[in-house]
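J.: Protein sequence lines, in the order shown, are assigned to chains A and B. Residue 39 in our numbering is what sits at position 39 of the first sequence, and the numbering runs on without skipping anything. Take the position in the second sequence, starting the count at 1, then add 116; the result is the number in our numbering.
Calculated from the structure, these hints are not laboratory results. A quick note: this is a predicted structure, and the numbers were derived from the prediction, not measured. Idealized CB from N, CA, C, for every residue including glycine. Don't take each hint at face value.
What the hints assert, rightly or not - Take a look, some chain B residues computed to stay more than 10 Å from chain A by CB distance:
#1 Val129
#2 Val135
#3 Asn174
#4 Ala187
#5 Ser190
#6 Gln199
#7 Ala203
#8 Thr221
#9 Gly225
#10 Thr229
What the hints assert, rightly or not - Which residues of chain A face chain B? A few of them, derived with a C-beta cut under 8 Å, are:
#11 Phe10
#12 Met41
#13 Leu78
#14 Glu79
#15 Gly110
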Amino acid sequence: NAGVTQTPKFQVLKTGQSMTLQCAQDMNHNSMYWYRQDPGMGLRLIYYSASEGTTDKGEVPNGYNVSRLNKREFSLRLESAAPSQTSVYFCASSERLAGQYLYEQYFGPGTRLTVT
Amino acid sequence: AQTVTQSQPEMSVQEAETVTLSCTYDTSESDYYLFWYKQPPSRQMILVIRQEAYKQQNATENRFSVNFQKAAKSFSLKISDSQLGDAAMYFCAYRSEETSGSRLTFGEGTQLTVNP
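All chains should be built: construct the whole structure from the sequences, respecting the hints.
T.: In structure tokens, the structure reads:
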């Protein structure tokens, strides 16, 4: 049981390049999330998927797209990377049962992305 | 929209002593959850403790306890008998029960140093 996994762990991009961050969870959770963490600002929600087949914007969605590939996987794509997207990216998942969310979100180890 | 504020960017404590980290939040909702997450240098987000807003009793997990003041919208974390392994960034987080997706709103974080 690996929990939430993210690939890659580190990435350096040039401005204008594209890439996809991958996230997978093996806990059979319905909901998945992408956050970014910048110094002094805590974690901010980029996009989330309440259940398979649905995605919604969070607080800072501009410049990103997501795909909920199946129940396990939720990817984040940067189409044209900008230096402002230099950050640490976290994927998380949580369970929902009978309409009630169970407690905490489980986080992956993060991806440190640098855009030069 | 909900906001979470941690007014102490940095705190320090001597090993074996007690420290309290502050968190305030703003919401118009009556049903919600509050969390403290710990982030050590490894970047992994680790749940420390959670509090349901409908519960009057303060949550406790071993050396960690909270002081939840719903009317004041305050949620502080007390760490007793501090250990070197407690050194980390601590984030306070809010989760609404009234919006879809179980999204978390995080505070800016408090960097805790434990001195031997």
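J.: Each hint: holds or not?
T.: Against the structure, the hints:
1. Val129: The claim holds: Val129 (chain B) sits with its nearest Cβ about 21 Å from chain A, beyond 10 Å.
2. Val135: It holds; Val135 (chain B) is separated from chain A by about 20 Å at its closest Cβ, greater than 10 Å.
3. Asn174: Non-interface label on Asn174 (chain B) holds, nearest chain A Cβ at 17 Å vs cutoff 10 Å.
4. Ala187: holds, 24 Å
5. Ser190: holds, 18 Å
6. Gln199: Check passes; 22 Å lies beyond 10 Å.
7. Ala203: Non-interface label stands for Ala203 (chain B): nearest chain A Cβ at 18 Å, farther than 10 Å.
8. Thr221: violated, 8 Å
9. Gly225: Since the minimum Cβ distance to chain A is about 5 Å, Gly225 (chain B) lies within 10 Å and the statement is violated.
10. Thr229: holds, 17 Å
11. Phe10: Since the shortest Cβ distance to chain B is 11 Å, the answer is violated.
12. Met41: Since the shortest Cβ distance to chain B is 6 Å, the answer is holds.
13. Leu78: Where the cut-off is 8 Å and the nearest Cβ of chain B is about 20 Å from Leu78 (chain A), the hint is violated.
14. Glu79: violated, 23 Å
15. Gly110: The hint holds - Gly110 (chain A) has a Cβ within 8 Å of chain B, the shortest such distance being about 5 Å.
Hint compliance for this structure: hints 8, 9, 11, 13 and 14 are not met, and every other hint is.
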